[in-house]
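Engineer: Okay, here's what each chain looks like letter by letter:
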Amino acid sequence: MSQEKSESVKLQSVNSLRTTMDSYFQRLKTATETGNKKIAWCTSVGPAELLYSMGFEVYFPENHGAMLGASKMAEKYIPTAVSHGYSPEICSYLTSDIGAFLQNETPLQKSGFKTVPKPDILVYNTNQCKEVADWFSFYARHYNVPVLGISTPLNINELTTGIIQYVAKQFEELVPKIEKVATQKFDIDKYRETIGLSHDGCVLWRQVLETAKSKPSPINFFDSAIHMGPIVVMRGTQYAIDYYRILLSELQQRINTGVSAVPNEKYRIYWDGMPLWYKLSSMSKLFANLNTCIVASTYCNSWVFDDLDSKNPFESAALAYCKLFIVRSDDEKEKVFEKLLKEFSIDGMIYHESKTCMRNSNTHFGLPVRLNAKTKIPYIEIHGDLNDSRCFSEEQAIIAIETFISQLSSRN
Amino acid sequence: MHKIGIDLGSSYTKGVIVNKKNEILDFYAVRTGFDFNKAATKILDKFSENYKFSSPVFTCGYGREQLNIPFIANSEIIALAKAVYHIYKCKCSVIDIGGQDTKYIKITDNGQVDKFKMNRKCAAGTGSFIEEIAFRLDITAKEFNQFAEEATEVFQINSFCTVFAVSEIIGRIKQGTSIQNLILGIYNSVIDRCIELSIIEDKLIITGGIPDSHPKIVKLFRDKFPSAESPEKSQFLAAFGCVLLNS
Numbered sequence: 001m002s003q004e005k006s007e008s009v010k011l012q013s014v015n016s017l018r019t020t021m022d023s024y025f026q027r028l029k030t031a032t033e034t035g036n037k038k039i040a041w042c043t044s045v046g047p048a049e050l051l052y053s054m055g056f057e058v059y060f061p062e063n064h065g066a067m068l069g070a071s072k073m074a075e076k077y078i079p080t081a082v083s084h085g086y087s088p089e090i091c092s093y094l095t096s097d098i099g100a101f102l103q104n105e106t107p108l109q110k111s112g113f114k115t116v117p118k119p120d121i122l123v124y125n126t127n128q129c130k131e132v133a134d135w136f137s138f139y140a141r142h143y144n145v146p147v148l149g150i151s152t153p154l155n156i157n158e159l160t161t162g163i164i165q166y167v168a169k170q171f172e173e174l175v176p177k178i179e180k181v182a183t184q185k186f187d188i189d190k191y192r193e194t195i196g197l198s199h200d201g202c203v204l205w206r207q208v209l210e211t212a213k214s215k216p217s218p219i220n221f222f223d224s225a226i227h228m229g230p231i232v233v234m235r236g237t238q239y240a241i242d243y244y245r246i247l248l249s250e251l252q253q254r255i256n257t258g259v260s261a262v263p264n265e266k267y268r269i270y271w272d273g274m275p276l277w278y279k280l281s282s283m284s285k286l287f288a289n290l291n292t293c294i295v296a297s298t299y300c301n302s303w304v305f306d307d308l309d310s311k312n313p314f315e316s317a318a319l320a321y322c323k324l325f326i327v328r329s330d331d332e333k334e335k336v337f338e339k340l341l342k343e344f345s346i347d348g349m350i351y352h353e354s355k356t357c358m359r360n361s362n363t364h365f366g367l368p369v370r371l372n373a374k375t376k377i378p379y380i381e382i383h384g385d386l387n388d389s390r391c392f393s394e395e396q397a398i399i400a401i402e403t404f405i406s407q408l409s410s411r412n
Numbered sequence: 001m002h003k004i005g006i007d008l009g010s011s012y013t014k015g016v017i018v019n020k021k022n023e024i025l026d027f028y029a030v031r032t033g034f035d036f037n038k039a040a041t042k043i044l045d046k047f048s049e050n051y052k053f054s055s056p057v058f059t060c061g062y063g064r065e066q067l068n069i070p071f072i073a074n075s076e077i078i079a080l081a082k083a084v085y086h087i088y089k090c091k092c093s094v095i096d097i098g099g100q101d102t103k104y105i106k107i108t109d110n111g112q113v114d115k116f117k118m119n120r121k122c123a124a125g126t127g128s129f130i131e132e133i134a135f136r137l138d139i140t141a142k143e144f145n146q147f148a149e150e151a152t153e154v155f156q157i158n159s160f161c162t163v164f165a166v167s168e169i170i171g172r173i174k175q176g177t178s179i180q181n182l183i184l185g186i187y188n189s190v191i192d193r194c195i196e197l198s199i200i201e202d203k204l205i206i207t208g209g210i211p212d213s214h215p216k217i218v219k220l221f222r223d224k225f226p227s228a229e230s231p232e233k234s235q236f237l238a239a240f241g242c243v244l245l246n247s
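Chains A and B, in that order, give the protein sequences.
Counting from 1, one number per residue, gives the positions in the first sequence under the numbering used here.
Counting from 1, one number per residue, gives the positions in the second sequence under the numbering used here.
A few of these clues could be false.
Said to hold, decoys possible - With a Cα cut of at most 27 Å, we get these calculated DSSO-like pairs of lysine-lysine:
id	chain 1	residue 1	chain 2	residue 2
1	A	K355	B	K121
2	B	K91	A	K374
3	B	K115	A	K342
4	B	K42	B	K21
5	A	K333	B	K89
6	A	K279	B	K89
7	B	K89	A	K355
8	A	K335	B	K117
9	A	K339	B	K117
10	A	K118	A	K37
11	B	K203	A	K342
12	A	K335	B	K115
13	A	K279	B	K91
14	B	K174	B	K203
15	A	K374	B	K115
16	A	K376	B	K106
17	B	K89	A	K376
18	B	K117	A	K374
19	B	K115	A	K339
20	A	K266	B	K117
21	A	K333	B	K115
22	A	K374	B	K203
23	A	K355	B	K42
These are calculated hints, taken from the structure and not from any lab test.
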C-alpha cells in the first residue's frame, strides 16, 4: 500500500489575510452601493498608486480571474466567452472573466455583490501583455466609460533613460484624463505618499519572499500565491503594509523556531510561469509528499516594485513597472534567474508553459536550455494553463514531477 | 522468491516475474480497461499458475498506486531507464512510444537519468495516434505494419491532430494516393514528433508497445539513426525496471 502522505504546514496569518481581503471587498461593495467613492479598474501591474491617490477604490479583473481559476469555475465560463467570439487560445483570465460577466455570475456574489463592481474608469498598463487592452475595451464598451492605458515597450534589454522617460510621460499624461472622472483633483503630495506606501508594501513583500532563502523554508509557492493578494490589490495602501508586517513576523518566528512550510524539506525548487490556479491544493500536497518545497517563483516575485520612490514619483513608477521581469528580454531574464537560483539554493527548476499565456511562459525561445547550460541546474517543462484546466494533463504532470524529484535525489 | 513488476499504463498493463538473478522468467500483458486493480490482478493470477512470488509488488505507470495489495510505486521513467541501462550498460537516449505518452530519456554513462521530456497534451506522436487511424481505417496493427513495408514512397501527413489526420488520409485516398504510402507517412509523422522532443546525440534505444507491434517504425528510426536498437518485448522494460530498482 502507499506510504503515509505529508502535507505543508498552514500559516496562521491566513486569518488576517482573510480579514484584509474581506475588508478590501467590503470597501468596493460600499462604493458600489453608496457611490461614496468612484471605482477604477486596473491591471495587476498597472498604475494602482495613481488611482488610489486620486480617491478611487480600485478593482483588479486579474484578481477576479485568479478567483475564478482557484474556485474551479473558469471552465464553466471560458466556453461562453468563446461563443461570443473570443478565441480559446487567448488569456484564460480574460475568457473566464468575460464569460462569467456574460453569464452574470461572479464568486463575489457569495460576499453579497450582485455583480462585479461597476467601473467609472478603466486603466491598464501593457507591460505584462497587450491582451489587457482588449480585455478592458470589452468593459469600456459595455459600461460606456473611458479606458486609458500606458503602452510599455516589451522585451526590454537595457533599461535606458529614454524608455523610462517615455513611460513616465504616459503616467503624467494620464492625470488630467483621470481627473475628469475622479472626485478629487490630483495632488502630488498625496501621490508621493501613495508611492511611498506602495514602496514600503513591496519591500515587506520582498522580505516575505526572501524568508524562503532560509533552510528549511518557512513559506512555499502555494502559500505565496495566496498571500500575494494584498500586494496585488492594495499596493499603495496602509492595509497591505499592515498585513505583510503580520505575515513577516510569523515567518521570522518560524525561522527562529525551525518550522518549515514543508516538513522534511529535502529539495528546493524554482517555479517559473503562472500557477495552476485550479490545482493549487493538490499540487501543494504532491510537492509536500515529495519532501520538496517550491521556495521561489517568477510569478510571486513580480510584485516587488522597490524602485518606487516618493521623491521622484512618476519616473520611479516608470522605472519600477518597466523593470518588471515579464517586460524584459530573455538575456535580462536569464540574469534574474541566475541570481535567484543562487540566492535561494535551488536544486531544480520547473517551467510551466501556459497554453494561453505566452508572455508568462519562458519556454518558447530556448531559455531553459541556455540557462541549464550555464547553471547545470536540472529542469523540466510541464504543459498546462493558468485557468483553463482542459489544457492540463494532471497524471502526466505528476509522473514528470515525481520523476524529476527522483532524478534530483539520485544526484545528491 | 521471485519478484513481480507491473507497469499499469493507459492502454495496457504489463507484468514481469523476475528471479533472484534478475532474469525475466515470464511476462504477460492485458488491456488496462477502467480498473487498474483488476488488470493487475489478472497479471498476478496468470503468474501464480506457475510461480510463487514475494510481496510487495513493484509498480509504475498511471495506475501505480491503484492496487489493493501491498505495492511500492516507482516512476516509470526512472524504471525504464534502469532496465535499459541494465541491458546496454552505456550512455544512451531512449524514445519510448506508449499508448498515451511519448518519452525521451537521456541516460548518463553511469546509468542515471540526466534529463527527460514527455509529449505535450496531444496524441500526435503517441500510440493513440496510430491506434485511432488504424481503427478508423479498419485495419489491424499487423496489416498496418505490412502496408508500410509495401510503400513505394512517403506521403507527408500535414496534420498534427489525430482527427484531422484521418480526414486528410481519407481525402488523399479519394484522390488515389495508395494506402501503403499514406501509412508510411503516418509512421514518419510519429517519428518526427518523437525526435523533436530533444537533440539525440547518443546511441538511440526505442522502446514501448508501438515499436513492439509496429516493427517498421524501428526500421524507419534506423534510417535516421543507424545504430538505433529496440530490445525484444520492450514494452515490458519499465515493469522489469521496477524490480531492478528494488533489488
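Engineer: Indicate, hint by hint, whether the structure satisfies it.
Structural biologist: Do the hints match the structure? See the list:
{"no.": "1", "hint": "K355(A) - K121(B)", "result": "10 Å, holds"}
{"no.": "2", "hint": "K91(B) - K374(A)", "result": "22 Å, holds"}
{"no.": "3", "hint": "K115(B) - K342(A)", "result": "21 Å, holds"}
{"no.": "4", "hint": "K42(B) - K21(B)", "result": "25 Å, holds"}
{"no.": "5", "hint": "K333(A) - K89(B)", "result": "39 Å, violated"}
{"no.": "6", "hint": "K279(A) - K89(B)", "result": "39 Å, violated"}
{"no.": "7", "hint": "K89(B) - K355(A)", "result": "39 Å, violated"}
{"no.": "8", "hint": "K335(A) - K117(B)", "result": "25 Å, holds"}
{"no.": "9", "hint": "K339(A) - K117(B)", "result": "26 Å, holds"}
{"no.": "10", "hint": "K118(A) - K37(A)", "result": "12 Å, holds"}
{"no.": "11", "hint": "K203(B) - K342(A)", "result": "34 Å, violated"}
{"no.": "12", "hint": "K335(A) - K115(B)", "result": "23 Å, holds"}
{"no.": "13", "hint": "K279(A) - K91(B)", "result": "37 Å, violated"}
{"no.": "14", "hint": "K174(B) - K203(B)", "result": "41 Å, violated"}
{"no.": "15", "hint": "K374(A) - K115(B)", "result": "16 Å, holds"}
{"no.": "16", "hint": "K376(A) - K106(B)", "result": "15 Å, holds"}
{"no.": "17", "hint": "K89(B) - K376(A)", "result": "24 Å, holds"}
{"no.": "18", "hint": "K117(B) - K374(A)", "result": "20 Å, holds"}
{"no.": "19", "hint": "K115(B) - K339(A)", "result": "23 Å, holds"}
{"no.": "20", "hint": "K266(A) - K117(B)", "result": "23 Å, holds"}
{"no.": "21", "hint": "K333(A) - K115(B)", "result": "23 Å, holds"}
{"no.": "22", "hint": "K374(A) - K203(B)", "result": "25 Å, holds"}
{"no.": "23", "hint": "K355(A) - K42(B)", "result": "39 Å, violated"}
Consistency with the previously given hints fails for numbers 5, 6, 7, 11, 13, 14, 23, ordered from lowest to highest.
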